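Mind docking chain B on chain A? Use the hints.
Line order of the protein sequences matches chains A and B. Just so it is clear: in the first sequence, position 15 is 15 by full-length UniProt numbering, and no numbers are missing. Just so it is clear: in the second sequence, position 76 is 76 by full-length UniProt numbering, and no numbers are missing.
No lab work stands behind these hints: they were computed from the structure. From a predicted model like this one, the values you see are computed outputs, not experimental measurements. The beta-carbon is built from N, C-alpha and C at its ideal position, and this holds for glycine as well. All clues stand as given, with none of them false.
Heads up, incomplete: computed chain B residues facing chain A, CB under 10 Å, no partners named: (1) I95; (2) L121; (3) N139; (4) E151; (5) A166; (6) S213; (7) H221; (8) G225; (9) L226; (10) R295; (11) F306.
Quick list of in silico lysine to any residue cross-link-like pairs, SDA-like style, CA-CA up to 25 Å: (12) K320/A x P215/B; (13) K336/A x W412/A; (14) K438/B x I92/A; (15) K320/A x Q242/B; (16) K320/B x G230/A; (17) K320/B x N240/A; (18) K320/B x P232/A; (19) K320/B x G41/A; (20) K63/A x I433/B; (21) K63/B x H426/A; (22) K320/B x M44/A.
Okay, here's what each chain looks like letter by letter:
2 protein chains.
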Amino acid sequence: MDQISDDHPAGASTAAAQDPQSVLAGIAAENADALVDLFYGTFMQDAEGSAFLSHAMVQERLKPGLRRWLLELLASDPDGDRVSFEAHQRAIGAIHARVRLPAHLVMKGTMFLKNALAADLVASPLDRDGLASALGLLNSRIDDAMCLMGEAYVSVSTQGAEVDEAFRLFAIGQDSTVDRESQRAALMEWSQSILFSLLGNGGAGGALPPIGSSPFGLWVHHRAGLMFQGSPSLETINANLQNIDRVLLPKIAEAREAGGPPLSALTSRLQTMVDEIKFLLGELFQSVAGLESGRDPLTRTLNRRFLPSILGRETAIAIKGGAPFTLLMLDVDHFKRINDGAGHSVGDLVLRQVADVILDTVRLSDFVFRYGGEEFLIALIETNAAAGIEIAERIRQSLERKTLNLPDGSDWRVTVSIGAATFDGHPDYTHLIDLADKALYAAKQQGRNRTATAQAIALS
Amino acid sequence: MDQISDDHPAGASTAAAQDPQSVLAGIAAENADALVDLFYGTFMQDAEGSAFLSHAMVQERLKPGLRRWLLELLASDPDGDRVSFEAHQRAIGAIHARVRLPAHLVMKGTMFLKNALAADLVASPLDRDGLASALGLLNSRIDDAMCLMGEAYVSVSTQGAEVDEAFRLFAIGQDSTVDRESQRAALMEWSQSILFSLLGNGGAGGALPPIGSSPFGLWVHHRAGLMFQGSPSLETINANLQNIDRVLLPKIAEAREAGGPPLSALTSRLQTMVDEIKFLLGELFQSVAGLESGRDPLTRTLNRRFLPSILGRETAIAIKGGAPFTLLMLDVDHFKRINDGAGHSVGDLVLRQVADVILDTVRLSDFVFRYGGEEFLIALIETNAAAGIEIAERIRQSLERKTLNLPDGSDWRVTVSIGAATFDGHPDYTHLIDLADKALYAAKQQGRNRTATAQAIALS
Numbered sequence: 001m002d003q004i005s006d007d008h009p010a011g012a013s014t015a016a017a018q019d020p021q022s023v024l025a026g027i028a029a030e031n032a033d034a035l036v037d038l039f040y041g042t043f044m045q046d047a048e049g050s051a052f053l054s055h056a057m058v059q060e061r062l063k064p065g066l067r068r069w070l071l072e073l074l075a076s077d078p079d080g081d082r083v084s085f086e087a088h089q090r091a092i093g094a095i096h097a098r099v100r101l102p103a104h105l106v107m108k109g110t111m112f113l114k115n116a117l118a119a120d121l122v123a124s125p126l127d128r129d130g131l132a133s134a135l136g137l138l139n140s141r142i143d144d145a146m147c148l149m150g151e152a153y154v155s156v157s158t159q160g161a162e163v164d165e166a167f168r169l170f171a172i173g174q175d176s177t178v179d180r181e182s183q184r185a186a187l188m189e190w191s192q193s194i195l196f197s198l199l200g201n202g203g204a205g206g207a208l209p210p211i212g213s214s215p216f217g218l219w220v221h222h223r224a225g226l227m228f229q230g231s232p233s234l235e236t237i238n239a240n241l242q243n244i245d246r247v248l249l250p251k252i253a254e255a256r257e258a259g260g261p262p263l264s265a266l267t268s269r270l271q272t273m274v275d276e277i278k279f280l281l282g283e284l285f286q287s288v289a290g291l292e293s294g295r296d297p298l299t300r301t302l303n304r305r306f307l308p309s310i311l312g313r314e315t316a317i318a319i320k321g322g323a324p325f326t327l328l329m330l331d332v333d334h335f336k337r338i339n340d341g342a343g344h345s346v347g348d349l350v351l352r353q354v355a356d357v358i359l360d361t362v363r364l365s366d367f368v369f370r371y372g373g374e375e376f377l378i379a380l381i382e383t384n385a386a387a388g389i390e391i392a393e394r395i396r397q398s399l400e401r402k403t404l405n406l407p408d409g410s411d412w413r414v415t416v417s418i419g420a421a422t423f424d425g426h427p428d429y430t431h432l433i434d435l436a437d438k439a440l441y442a443a444k445q446q447g448r449n450r451t452a453t454a455q456a457i458a459l460s
Numbered sequence: 001m002d003q004i005s006d007d008h009p010a011g012a013s014t015a016a017a018q019d020p021q022s023v024l025a026g027i028a029a030e031n032a033d034a035l036v037d038l039f040y041g042t043f044m045q046d047a048e049g050s051a052f053l054s055h056a057m058v059q060e061r062l063k064p065g066l067r068r069w070l071l072e073l074l075a076s077d078p079d080g081d082r083v084s085f086e087a088h089q090r091a092i093g094a095i096h097a098r099v100r101l102p103a104h105l106v107m108k109g110t111m112f113l114k115n116a117l118a119a120d121l122v123a124s125p126l127d128r129d130g131l132a133s134a135l136g137l138l139n140s141r142i143d144d145a146m147c148l149m150g151e152a153y154v155s156v157s158t159q160g161a162e163v164d165e166a167f168r169l170f171a172i173g174q175d176s177t178v179d180r181e182s183q184r185a186a187l188m189e190w191s192q193s194i195l196f197s198l199l200g201n202g203g204a205g206g207a208l209p210p211i212g213s214s215p216f217g218l219w220v221h222h223r224a225g226l227m228f229q230g231s232p233s234l235e236t237i238n239a240n241l242q243n244i245d246r247v248l249l250p251k252i253a254e255a256r257e258a259g260g261p262p263l264s265a266l267t268s269r270l271q272t273m274v275d276e277i278k279f280l281l282g283e284l285f286q287s288v289a290g291l292e293s294g295r296d297p298l299t300r301t302l303n304r305r306f307l308p309s310i311l312g313r314e315t316a317i318a319i320k321g322g323a324p325f326t327l328l329m330l331d332v333d334h335f336k337r338i339n340d341g342a343g344h345s346v347g348d349l350v351l352r353q354v355a356d357v358i359l360d361t362v363r364l365s366d367f368v369f370r371y372g373g374e375e376f377l378i379a380l381i382e383t384n385a386a387a388g389i390e391i392a393e394r395i396r397q398s399l400e401r402k403t404l405n406l407p408d409g410s411d412w413r414v415t416v417s418i419g420a421a422t423f424d425g426h427p428d429y430t431h432l433i434d435l436a437d438k439a440l441y442a443a444k445q446q447g448r449n450r451t452a453t454a455q456a457i458a459l460s
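One chain only, chain A, in its complex shape (with noise of 0.2 Å):
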């Protein structure tokens, strides 16, 4: 940041600028607005960070703002008592957040800032001493001001999230069918609008209006776009309007105006683009239809998106003082076999069976996730390692004495084997599915049918 130190040399030859809190206030005040460059700098050089900034108003707004909060963090006498100063820094995070200002932009700008302040810092005539409290004071004030605004940005943008998540449930649950057939006519009234207006109706030349903003447009910008966040059908959906609307509507009037055929080849195409679009509409709300169920739907157990909410929980409960749970990882031993040789229906059945029998076997309270194809993780709480194999052996044995019946008449035999783990006060519940997933690969090793624990394998 020499740039800085060499337009305004920094500190005055006065005595006073000799201490080190007047030096680094004075450098503060005479290079303020470089400083907001520098740290606006920061987030025009990032994607996300210049799209929010690009509107020229919130530049203009928030820059007066970042310069008052610089200077007043590294004034001499800071005004104010401690409370006020932490309920400021504090507003200043939760607005972050609801601005939507991504944070870790924030901290790098900020550390640029300090760094520019630092060599302005060490080219001042302070001595060792004086440059040494000086940078001190300039890191104390600014990382101070950081963490308070990190709390409140975080406390603001988890609740944010929640809220999202929440519209989103709300707005799919809301009507979903009647949504998806009312855009769909939406999108029909508006196809029906160009081609009534090439064929002339509205005056020859009349206006062709664009899908974007037409209802269905509207729609799928501000409606869809938080429904389906992230889908890759709606990303399609939107590349598709944009297309019709920057390519084919201005061909479609350009080729109406010179008359003659290849008219016609643009409006199969606006076809072809509007018959995808309605297929891709289609695909969007049967993709939430399985998705937003929290039960698997074919044994009715747990979706497993929710184990981060559930275990992160049950840990930190556990971490509190609260007993111990166990997980167990079962899997059906040959799964394989019995879907290879008699079919993915029987296979489907047998799924379904060994989740009711879990299902019978545990308490209400306890929490029964698909984790994958033929497995399943079971969050036995408050059970300790004890108890926890003797759920498990009693659910190996039910399935073990267990015939299922087929619809064809025939008999089948499943046996599972089972990983036990108990938490161990490791603080990341991914740790305790390791564990519990090692102890199941130990019992297939050890010969399928039976209950492993990650405590034995340890111990081995």
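Below, chain B without anything else, positioned relative to chain A:
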């Protein structure tokens, strides 16, 4: 952090030690254990942090990780390239989010680490330039890592918050009537088991099973805690459960052994507490029934808790170059007179009819919220100021012309005042709500039954 520098005088006397990087790495290596303790000291002084670390195994697992991180970060020759460095720091941030370690405590602890290391550098024999460059290295390495960790932390924890909310809504939506009844039954089963045991079934000194580990207690602890997070009724239920297990049951057991009359006083106390829990349980389920619906039951307009999601998103779309949107804040004129004069049911009818007119006038893709008692907030997407005023006037005039028919055969006429504000580049949507609110106030001041705009106020 003098004790650290005193215990381990920093900087060896060799020539290599005069290199700022080696001095820094040397000080970090010599003081690693003390630094790690200092970091965890921050956590132990914080209520949330100390609860997290109270489990001895957590500290045992985390400390070596922190030690390794610090030494690698400040080493003279960091191994690996930038890509793997970034991946590593991000992985740590993700783990912190997964284990729900409060991010601000990590930042605060790291700040203390930096200060301690800086103090040791100041105490080293490095000259002014060497000191400045060692301090620069220390700060930039740690800040760099914190930025990367922070980015991953925010991303994983907001994702986690989304899944938590999805699971909460799933659990509530699941079968809450069945759930309420089964939990009521579970509570009764427990209390019956105590009474039977006191009446001599299961042997004279039959066990008195704690309610905390009964099916009902497990449900309260592991499911209700998630479904009804932060509810005061749930806190009272929890307090009652603890009171029963820690105070009442031991007293009952004691009284039973001693024999005699005090037992009946204690069992009637138990009865009262169980009744209270039963009552609170009903309240718990009732409280979510209203809260969780996305719409206001009276007017069918959107629940205002979705405001942050919707306006945050529309602001982001407008900033990223979309068309501006306009907010209308609408208030029913003299609503108090209607409510007080004609009764609440007429007031409700008026609100419902006003909502119907609004919903009939706006497009399907606009958003209408019940903002307060007789206030509605309308977000008109992709609508500039002129079009916004037009829609506001259409709503106002429809209502002015409309006669509301009351069930008693009488007629009623209502008017509304509207404040309009159009997106002006401010990234915080609360600013726009304020503007619409001020415009509404101006419309009321100017005599009601009119639309005022934020722009006009700014000019006047």
